[in-house]
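Visitor: Input sequences plus hints: build the corresponding full structure.
There are 2 protein chains.
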Amino acid sequence: MSRTRKDRPGRTGSLTMADLAELAGVSKITVSRALADSPLVTPETRERIQALARDHGYKLNVSARNLRLRRSHTVAVIVEMKPSSDRTMLDPYPLTLLGGIAQELTAAGYSVLLTTRQGAAAAAVQAADGLILLGQGVRQDAVRRFDKLGLPMVVWGAHGEEDAHAVVGSDNRMGGRLVAEHFLRQGRRHPVFVGNPSHPEIFERLSGFVDTLTAHGIKPLLLRRDEFTLASGIDAVHSLATRKVPFDALFACSDLLAMGAIRAVQELGRKVPDDCSVVGYDDMPMAAAFQPALSSVRQDWQAGGSLLAQKMLALIAGEPVESQVLPVSLVARAT
Amino acid sequence: MSRTRKDRPGRTGSLTMADLAELAGVSKITVSRALADSPLVTPETRERIQALARDHGYKLNVSARNLRLRRSHTVAVIVEMKPSSDRTMLDPYPLTLLGGIAQELTAAGYSVLLTTRQGAAAAAVQAADGLILLGQGVRQDAVRRFDKLGLPMVVWGAHGEEDAHAVVGSDNRMGGRLVAEHFLRQGRRHPVFVGNPSHPEIFERLSGFVDTLTAHGIKPLLLRRDEFTLASGIDAVHSLATRKVPFDALFACSDLLAMGAIRAVQELGRKVPDDCSVVGYDDMPMAAAFQPALSSVRQDWQAGGSLLAQKMLALIAGEPVESQVLPVSLVARAT
DNA sequence: ACAGCTAATGATATCGATATCAAGACATCG
DNA sequence: CGATGTCTTGATATCGATATCATTAGCTGT
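Sequence lines, in order, name chains A and V.
Quick note on our numbering: the first sequence kicks off at 119 and runs consecutively.
Quick note on our numbering: the second sequence kicks off at 119 and runs consecutively.
It should be emphasised that the hints constitute simulated quantities derived from the structure, not laboratory data.
Careful, some of the hints might be misleading.
No copy labels: a pair is met if it fits in one copy or bridges any two.
Unchecked claim - With a straight-line cut-off of 30 Å between C-alpha atoms, the simulated DSSO-like cross-links for lysine-lysine are:
{"#": "1", "residue 1": "K389", "residue 2": "K362"}
{"#": "2", "residue 1": "K177", "residue 2": "K266"}
{"#": "3", "residue 1": "K337", "residue 2": "K362"}
Guide: Here's what the structure looks like:
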């Protein structure tokens, strides 16, 4: 029984370049060149081999090529996906960041390898040409751990004092300041920040907010809420009411939280924005259709993703890359 | 100053098993076994080698292993990302599907390779152990094209008549029927469907909607809108008003569209739901906080993602897999 | 003591592609 | 006519891991 490669059991039934070479009566390397459109082979034989490859459904073995070329045209994106009640990357908005990254990288011919920090899958990360970290603070140990891989790396989040790598993030401090100024213009006396400041980005919003207000002699209250849900916003306001804490302005660090808060304030029989103004964060599309129309700080997640990807591509190309903060803007509507 | 990249001279900078072997005074294969916790090596030498690997920061070359083992522990997810005005996978909700997939697969030790249909990046797909297709209709040529790769494949979307592969999707027809019955119970006479029926899933919603209504002697109107935005919803209602078409019930195929429509209806001086009831789709979290509280068809994208992933894992394990439709439910609120 | 057995390790081939260098065919030029 | 150069193709080594089969050391049993 002749062992032709045609009758290999099962597998993918895929031929190798060696098979093609035999079929065409040339050597492997000629096949390799022909398929790569190398000018080193006669147009005639190139055509012939390419046709052969098409007809027989030849499929390149990417692992073999990656091994030989020592690059994978793949960028790993590592997201924080702890199943806790914390805001996870599985939320729609952080995922938008991923969408921006994917769009930019695939346009450049790169693939995106999506992984979590935990899990055995982390092994695959090492095959990547670069690393984008989402959802973990910059100073976390995770960042240092991945730094050890020696891969080009870009991080999304708050900026550290002395970052060893490029960081891209929204200007959260500016977001806090804009809202503070908004409240000051309205003459509010008892502003409250609602959110989870243990999250570095949100901490920055808080500090921009607090700094601006205290500079004007106003001392805001911090109401800590870990969840970014409607219920959490409602609950936050209830908590203020039962404690009889005075408040006339709320800065919630997500739109959902803000909407919940507004409903709760209204249920207390108080008017928004007359008795209490409210500002959210992210400016989701329906913020404008909310009643009353929600004021919110807009940050462009998708643009952030694109930027992360662009910096990554630059790093891979060996160019130097700087950290960058993306400006945010306050969209002042009714509340 | 940019210290973006570790500047090692020449080489890849990382050692290989051969290097470790030399350091430990054993052979490559012993190193391989030691690192794989194989019982074939003495616990003592295993410890020694593992310590050595740690100390020297040894990193496995995944491409090499993939080549040898002929599997990559990677599942490719191919999403439709055309930059048209169509609903793209970059929208938050379809991305949630991806979140579910990622969570399930990474928990099982697999990585997710995210790619678009176009682009050279498609090459990397062939290295995957399986393929999940999102965002393209089942009967599209794209599906057939990827089918040729001979990889385990699962598709998200509407179910075809005779599918050659496993399809998972929401029960869109049921969604349409539920809304139709809701309108019938309310005694509505002039229901309108707002959305883009060229999208197979949305076409199913439409047909479930229409079939149920016509069975009760009511003929709904189709108002075609391609975008899933607030503006589009507003515009849709305006178009009805200027054409003086009578309507007393709107079924919008996204919540955003529904919210825009509601605002437009209210601006016309008509009451929701008294003069016109409205139902959206997806039941986004803030649907409940909308005023009036939005009724919506709930579909669990993330669960869909998990299910896709589970079926993929089963396929990879060689088990047979059936197509499946996920039930949806109508969350009837004020509108 | 010697055949027979297990435990631990190693030599070699292999996965499928590409880089390097060499070689044959053919044309050009002094 | 021989030397040189260009064009096309090929033989071989290599990337870094693992499978297979062979080998050695240590142990038991009668």
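Visitor: Among the hints numbered above, which are violated by the structure, and what are their numbers in rising order?
Guide: Failing hints: none at all.
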